[in-house]
Amino acid sequence: MTGTETAQLLTIRGLTKAYPGVIANSDVSFSVAPGEVHALLGENGAGKSTLVKAIYGLVRPDAGEMRMRGEVYAPSEPRAARAAGVAMVFQHFSLFEALNVAENVALGMETPPRQRELSAKIRAVSEAYGLPLDPSRLVGDLSAGERQRVEIIRCLLQDPKLLIMDEPTSVLTPQEVEILFATLRQLSAEGTAILYISHKLEEIRSLCDSATILRRGKVVATCTPREVSARDLAEMMVGTALTPPARAPRTDWAGAPALEVTGLSVASPMPFGTSLKNVGFAVARGEVLGIAGVAGNGQDELLLALSGELKSAPGMVRAAGVDLGDKGPNDRRRAGFVVAPEERLGHAAAPGMSLVENALLSGAIRMGLVRRGFIDWAATRAFAEGVVRDYDVRTPGTHVAARALSGGNLQKFVIGRELSQEPAVIVINQPTWGVDASAAAAIRQVILDRAAAGAAVVVISQDLDELMEIADRFAALNEGRLSVPRPVQGLTMEEIGLMMGGAHGMHVPEIGAAHLLHAEAADAEA
Amino acid sequence: MMGSIDPILLIASLMVASTPILLAAIGELVTEKAGVLNLGVEGMMIVGAIAGFAMAVETGSPLMGFLGAALAGAALSLIFAFLTQVLLSNQVATGLALTLFGIGFSALIGQGYTGVRPPPTPKMDFGPLSDIPVIGPMLLRHDPMVYVSILIIAAVWAFLKFTRAGLVLRAVGESHDAAHALGYKVVRLRVLAIAFGGACAGLGGAYLSLVRVPQWTEGMTAGAGWIALAIVVFASWRPWRVLAGAYLFGGVTVLQLNLQAAGVAIPVQYLSMAPYLITILVLVLISADRRRAAQNAPASLGRVFHASS
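Chains as they are written, first to last, in numbering that gives the first Met the number 0: chain A, 0 to 525; chain B, 0 to 308.
It is worth saying that the hints were derived from the structure and are not from the lab.
Some hints here could point you the wrong way.
What the hints assert, rightly or not - Cβ-to-Cβ under 8 angstroms is the rule here; a few derived chain B residues that face chain A:
| id | residue |
| --- | --- |
| 1 | 166 |
| 2 | 167 |
| 3 | 169 |
| 4 | 170 |
| 5 | 173 |
| 6 | 174 |
| 7 | 180 |
| 8 | 181 |
| 9 | 182 |
| 10 | 298 |
Yeah, the Cβ is synthetic: ideal placement off N, Cα and C, and Gly gets one too.
Extracted from the complex, chain A is given alone in its bound form (with noise of 0.2 angstroms):
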């Protein structure tokens, strides 16, 4: 037992982690060898993150062990695990907007060499490993696929034994994955071990050695990627098969296009976000437009502008010939909008609210619930109760506050008390963000009969698979513009690549990088 565990780098034996009312990793057991790309696979919520907490020190487990190098490891801190080699690039990243490039790589080292020195090394090794950064700019400007480039760097320049990737290519576009991969392969080959934890199935399967499979905090499989097919690793991750959504034939509506958006600019309100610039579509009846992009290319934006929040001018928003561009939420509501955000508690929903209030919020205008200003409670129950059984959202009652439900019980309700509102112009942003696997199958069905009825419907989504599922046609905002849109049947994930912005300015490794890294950690020890 001893020989193949000091084979190993890094051994967790039993961990158990619970949290009040949680039990978020049950008896949890795996090993990673040097060199060995090892992907941690489950939905929301399987207890994946609180894993990788604990190996890089963050979370205490309440019972179990791990080995690193056959030698107990424990780590109090993360201060403790960078120092035992082990290294972490967050899902959500751990950056400061304010501060510079090698501001927020200086913060994540132990003892960081001089602002110049560090930023010459900085340069030097995205350089050699294709992800070229300017040390002196200020990471609120990035984009967010640069942005993870300075989480990589961070922990390249500590020279890790141990990588832990938190579901890095969400913020990708596919030609920015393939790079990512070209530098974990040589990361790899050059004996760091790396824990991949990722929900998308095809990756693993292209990049992972072995895989780890967790369900409700417990181990339920493991398995070498390579040898089974997407599919199974699907139902192992989610215990059931899944059923791909129904499309029902489309009907062709005559007449105006339901939307249609021209020459739409708008200044952005965040004080780091992307302006719009002349962003141009229409949509017809029963059709289903995908927006495609990677985070923060203008999308919040996007759906500030269609929804009313941020004021265009007049005839850059037309529904159904009628011009709405200078319109507030309140006018376009009437004209037949609805609109789910991204972000469920605070913008979708008022968090300390309940379900029946959050209801009246949006459907008072359309549902008829306000009377000459008085509040119809028994119609907004009968809604929000109406919400609650048809989208099967699991809750005591319409009485508990939003911020009480989980977040895709939330969502189905959400989407659900938008959709019931007999839209004509349906907009939404991420629709199955953060929610387990047949939950988004069964939001994504909804939208699907939407559409069917006659609604014109624009889904936000930096899930492709989730948009080439859905869509009838696809576009991708780079920057704050808006590709055109083209037909969804036949285009390939590389001209999608194309369409979000290609590489942004990325470049394939070149063989002997890793020469050029070890030769600076050197350097820095001497």
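Got chain A sorted already, so can you dock chain B onto it with the hints?
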């Protein structure tokens, strides 16, 4: 009529008039850069004023007075730190409570000290330098605290810009979650920043009661703490701009007092409101570029940090 105002004396007295606000503002700047909004500046100032006054009167040493004031300000701010950082109370409400508490508490302690004269604070002696015409009487004949306050500004600027600890402090104020994820001690660092802010506010208060006035009267800070808070925001959290803002406020205050004394035909009420109006107007114009101002604002300011997972 304007001829009766001597520019040399004006500048000399504006430095004295500005020092209390300057000290309080630079402390609050550090606290806010760490992401904590402490609205208790006024309360910490006035407790510093009476604590410094009492200490100086009892020991006969102004230096001991300033030390005592700094300690008293820091001690009061630690109550705030305990409530907001450990018990996770709301920062705005707690800060307001701290101000009200400080005003009442200082009045209680100060009962025996009304009408007492504090030991005088000696002026700095720069030898022959103080006799240089114009510059000497204008800049080089002040008490030590004036120079200490400028040194604190320079030190805070260098600390935030050049040191690693300063970088970590800015990082904590920018995103406490990210800083926590990287393993920095968010709460510990914030408590230290709050204590520094309290000590500076205490010094500012003591400067009022020991040098500027110098005597103890109830409620003698008269809103100086609130001006300090406003200056931090309008100076977009930059140390040298805090100095400029405080001196501007002090300058207009001294000028309008001189104008009142000179009997200018402007109603006194307008002159009295002038410092507030002009300071806020100028600083609003400076920070008019909202994008840049937003970049400098600590993004986590006033948000409660709870290390959940």
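Do the hints match the structure? See the list:
1. Interface hint at residue 166/B: satisfied, since its Cβ lies 6 angstroms from the closest Cβ of chain A, which is below the 8 angstroms cut-off.
2. The restraint placing residue 167/B at the interface with chain A holds, with a minimum CB-CB distance near 7 angstroms, inside the 8 angstroms limit.
3. The criterion of a C-beta within 8 angstroms of any C-beta in chain A is met by residue 169/B, whose closest approach is roughly 7 angstroms, and the hint holds.
4. At a threshold of 8 angstroms, the smallest CB-CB gap from residue 170/B to chain A is about 5 angstroms, leaving the interface hint in force.
5. For residue 173/B, the shortest C-beta to C-beta distance to chain A is roughly 4 angstroms, which falls under 8 angstroms, so the interface hint holds.
6. The interface hint given for residue 174/B is met, as the beta carbon of that residue sits about 5 angstroms from the closest beta carbon of chain A, less than 8 angstroms.
7. Because the beta carbon of residue 180/B sits about 4 angstroms from the nearest beta carbon in chain A, less than 8 angstroms, this interface hint is met.
8. The closest approach between the C-beta of residue 181/B and any C-beta of chain A is roughly 6 angstroms, which is under the 8 angstroms cut-off, so the hint is satisfied.
9. For the restraint placing residue 182/B at the interface with chain A, the shortest Cβ-Cβ distance is roughly 3 angstroms, inside the 8 angstroms limit, so the hint holds.
10. Hint status for residue 298/B: holds, given a least beta-carbon distance of 7 angstroms to chain A, under 8 angstroms.
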